[in-house]
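Trainee: Same order as they appear, the protein sequences are chains Y and L. Quick note on numbering that gives the first Met the number 0: the first sequence kicks off at 0 and runs consecutively. Quick note on numbering that gives the first Met the number 0: the second sequence kicks off at 0 and runs consecutively.
Worth double-checking, as some hints may not be accurate.
As the list claims (entries may be wrong) - Cβ-to-Cβ under 10 Å is the rule here; a few derived chain Y residues that face chain L:
| id | residue |
| --- | --- |
| 1 | Asp121 |
| 2 | Asn125 |
| 3 | Thr283 |
| 4 | Glu652 |
| 5 | Thr653 |
| 6 | Leu692 |
| 7 | Ile705 |
| 8 | Ser708 |
| 9 | Tyr709 |
| 10 | Asp711 |
| 11 | Thr713 |
| 12 | Met714 |
| 13 | Asn719 |
| 14 | Thr771 |
| 15 | Glu773 |
| 16 | Lys777 |
Simulated from the structure, these hints should not be mistaken for laboratory data. Here a beta-carbon is modelled for each residue, glycine too, at the ideal position from N, C-alpha and C.
Listed below, chain by chain, are the residues.
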Amino acid sequence: MASLVGSRVERKEDKKLLTGRGKYTADVNFVNQTFAYFVRSPHARAQIKKVDTSKALKASGVVAVLTGADIANDKIGGLIAGWRIKSEDGSDMKVPAHPPLANDTVNYVGDHVAVVIAESLDEARNAAELVKVDYKIMKAVVSTKDAMNSDQIYKEIPKNLCFDWLLGDRAKVKEAFDKADKIIKIDLINNRLVPNAMEPRAANADYNPSTEEITLYTTSQNPHLARIIISAFNGVAPENKLRVIAPDVGGGFGSKIYPYAEEVVCSWAAKKIERPIKWVADRTESFLSDCHGRDHVTHAELAVKNDGTFLGFKNETIANIGAYASVFATVTPTYLFGPCATGVYKMPAAYTNVKAVFTNTAPVDAYRGAGRPEATYTIETIVEKAARELGMDPAEIRMKNFPTQFPFQQTLVHSVDSGDYVAGLNKSMEVADYKGFEKRKRESESKGKLRGIGLCSYFEACGIAPSPVVMMLGCGIGLWESAEVRFNPTGNVTVFTGSHSHGQGHDTTFAQIAADQLGVPIENIEISHGDTDKGPFGYGTYGSRSLTVGGTAIVKACEKIIAKGKRVAAKMLEASEDDVEFSNGEFVVAKSNKKKTIGEIAFACYLPGTYGEVKSPLPEGEEPGLKETSFFDPVNFSFPAGSHICEVEVDPETGETKVVKYTAVDDFGTIINPLVVEGQVHGGVVQGIGQALYEECRYDNSGQLITASYMDYTMPRADNLPEFKLDWTCTPSTTNPLGTKGCGEAGAIAAPAAVMNAVMNAIGAEISMPATAEKVWKVCNQNKKRNSEAA
Amino acid sequence: MKTFNYHSAKNVKEASKLASSNSVFLAGGMSTIPSMKLGFANYRDIIDIKGIKSLSGIKVSGKTVKIGATTKHVEVANSKDVKKAIPSLAALAEGIGDPQVRNRGTIGGSIANNDPSADYPSACIALNAVIHTNNRKIDADKFFKSMFETPLKSGEIIEVIEFAIPEKSNYQKYPNPASRYAIVGVYVAKHKSSVNVAVTGAKSCVYNDKDLAKALTSKFSSSSIDNFSISSSGMNSDIHASAEYRANMIKVFAKKAVDAC
Ligand SMILES: Cc1cc2nc3c(=O)[nH]c(=O)nc-3n(C[C@H](O)[C@H](O)[C@H](O)COP(=O)(O)OP(=O)(O)OC[C@H]3O[C@@H](n4cnc5c(N)ncnc54)[C@H](O)[C@@H]3O)c2cc1C
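Extracted from the complex, chain Y is given alone in its bound form:
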């Protein structure tokens, strides 16, 4: 049987998803179901003086109206920050209480104040208008940059500072800077984004009073994590009485890794009213209350020698984490950001200092790339600036500073096991026809357009493991992954994974892996995930970890299956176990034609007897059945890397920027399915282009979200995009048997810098993201004025 790993197997799940036969949380309905509608704060910051629910309670169809006082009375715990960060001075981070329904204050527009539960959604919504909340409005803190000098939001948190974190060595950096020929400085903003999963968040909680069990359907990237948080921290129900199911989920991009207030409230309230409660966010609620991404203000400096050698780097960032510290809010701008700050380069000295601040805006958490896009954007724009200031080619300065020996001990944390950055950039330049750029530029000029080219060489740390390391750094959970491979008696297979697919294609790629390992046709393998009652505990999908960690767990479980199969085959074939070899789904006795297929072995394991005589196919002491579980905890992160090259054309009269050429050459180690990987890269690059040119989440000074719909928040669309050119290099990861590295976030990590470098190259000036037409036009206009004055 030919190996499936590496082939373009069409996505098994697409038939269901593309023909409307997927089953999402909003598709789940229960008999006797009620509907929840949340009363949300219209103010960015206010004290709640009184909540009057009396009118709403009398409205048609209303079953219950619950408030922060009710949830406090029932001793339901608050939402948690899942990663403990220490400040440079050794003190612990400071986080405010985050009750699922606000108690005495609201801290962003959209904050949850009360929930109205009614027989229909319309009735719930109408009654919500009757809940009278008496607010004392206070001055909101909105600006990331000014947050530390603004009014104090929480009395226990001076300067609105969650932590002031340092990674690296200030003294060494100073030394390096003292030796520099030149210091390149940059000030930039990493624009705040709204994740915009296609499927809005939703929950449907069903309580069975006779078993005291809650079943919660929810839009989660990580149902096991949702269960443990809702159980252990919120205290809604013990874990064994809480089943969390994340059925088909329409995208998450990080925004659905952890449970939100709505799931906690629906589960708790369902138990209270003893009826199922359904809640589905509308798009406005998604804009207001999904955790946002990015939102950094950064000052960075790069110390260089005149020949382009890097000597040292510092990154000083203020990271806005919004009104409360969401689950991964504190790790995103620290351990996911800081270690990658020096990029793909040899950098003798470096530090990253991050001040995380609270503001009266929606919480900010992991969003595709989480920390690594911010780190990459900073280093890759400053490197490009260094090239400009030193009069070097941007490719040349990169090549000069790439490491060529692997494993490579990167400055701040990581020991990068494998990679070949020189080969990657060379290939990217070849595919992008880097040499032909000047000619294309002249062609554009003849049409009155400015053409620019931009590079971005990135590396990232993903997989997010090993558990002892992340837990040492403050992580509240382990980051291993589980798999259970279960043969059914008739020889087909169900594989349970603790990771979760919400667009990534696990049903296909994981089945390819199992098919190759077990020699079973892919059609006979089902991948099951998303239900805490099926399969072992797991840690879900984010951080490009599913394949590298979860896929490896599948390989390990398959190895255990094969080991048992060998024992059984040896008995059945009356051979020594050492003589049995397994390949292509068959156990063969060496130098003989005696063999059993893995299906026959499975059958024998489940039906361990013989008609007419007392004879078991199983060796003595061997348990019946064929099912194995594995928990895989990797020994290191994995380190995908690559070089992307973007070309843009700018119309100087209107400022409109068009991405006309985009090349991505990535090293994801072994590629299981190029089709799926291309899809992941396309999606990531589009989100990166979105950040660079279009997307920007904006609040006004009073904390009102002014980009709260698609009429104002610009998503990238198909007609904004060129045909992408993708290619690969491959240095397999040495820390997992598949050699994979992860590909889910790469596009979003690399694209913003590649696009912005191209725009800045075209217009010859620095400009902040998103490079909207007006901003670009202003620069072009100034250039024009300056040129005409000079002439």
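Guided by the hints, dock chain L with the ligand onto chain Y, whose structure is given.
Mentor: What follows is chain L with the ligand alone, placed relative to chain Y:
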């Protein structure tokens, strides 16, 4: 969305009779339904006029193009007759919103709504349109008076929009990158004895830029407006574009439109 009564009108008379101060006509629903969903508007009666056959269709005669009020944007965009008679009008329809919007939205709804960033009002001004309702004819320059306001009275229904076929014309638009409405749209039309330069998106209501029109009437060439400087006073300013940017775009687009004629 609040509950409402739905009526499907069989003819203009019935639709008009059903109308009240608490009703709305439903054509494409592309403006009405979103505003109801967001709770900005509530109506007791929704009067669906999509089923009224007499309100739909395209007729080109010697000098005019007549488009029925419930004709969808996609129908105008794809119409061979329109493409032949006034290609810029078909192109304008092709550039409205996105395919979903074009497959439902109607010209009558667009005009009745008089959104300051809608495209069709500029076509009406540039192409000297006459708006035929069930009880009168209104010239375009009297129809688009102020933001979201028209002279239509309760129960008054647009039946047909009649455009004059120009000698040359062209429409240029910088779409809002999010909504695809016009941040600035400039419609230049050269008629036998005059030129119109209709501008949408830039101010609170579509208008004919008389100065540009005059300059182009005396000489129809983009060089005639090279030295124009357009004041940004009175222009819209929002998160997508400042008044200054809009003013710049009017000139850039007027020139592009003339060159493309
Ligand atoms: C996402 C999006 C993008 C859009 N982009 C653009 C764009 O780029 N450019 C643009 O121009 N428009 C745009 N639109 C608006 C679109 O063109 C609508 O079609 C138009 O505004 C309303 O037309 P409708 O047929 O949908 O009217 P409806 O929503 O059904 O009605 C709108 C109003 O017109 C009244 N009305 C309808 N028909 C008549 C009639 N025959 N007589 C009297 N009154 C009537 C109704 O009573 C109502 O008050 C966009 C809309 C959306 C949702």
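Trainee: Take the hints in turn and mark each one as holding or not.
Mentor: Status of each hint after checking the structure:
1. Asp121: Interface hint status for Y:Asp121: holds (7 Å vs cutoff 10 Å).
2. Asn125: 7 Å, holds
3. Thr283: It holds, given that the least Cβ distance between Y:Thr283 and chain L is near 7 Å, below 10 Å.
4. Glu652: 5 Å, holds
5. Thr653: 6 Å, holds
6. Leu692: This hint holds: Y:Leu692 lies near chain L, its Cβ roughly 8 Å from the closest one there, short of 10 Å.
7. Ile705: At about 6 Å, which falls below the 10 Å cut-off, the nearest Cβ of chain L leaves the hint on Y:Ile705 intact, so it holds.
8. Ser708: 8 Å, holds
9. Tyr709: Since chain L brings a Cβ to about 6 Å from Y:Tyr709, closer than 10 Å, the hint holds.
10. Asp711: Holds, because the Cβ-Cβ distance from Y:Asp711 to chain L comes to roughly 5 Å (cut-off 10 Å).
11. Thr713: The hint holds - Y:Thr713 has a Cβ within 10 Å of chain L, the shortest such distance being about 4 Å.
12. Met714: It holds, given that the least Cβ distance between Y:Met714 and chain L is near 7 Å, below 10 Å.
13. Asn719: 8 Å, holds
14. Thr771: 7 Å, holds
15. Glu773: 4 Å, holds
16. Lys777: 8 Å, holds
In this structure, none of the earlier numbered hints is contradicted; all agree with it.
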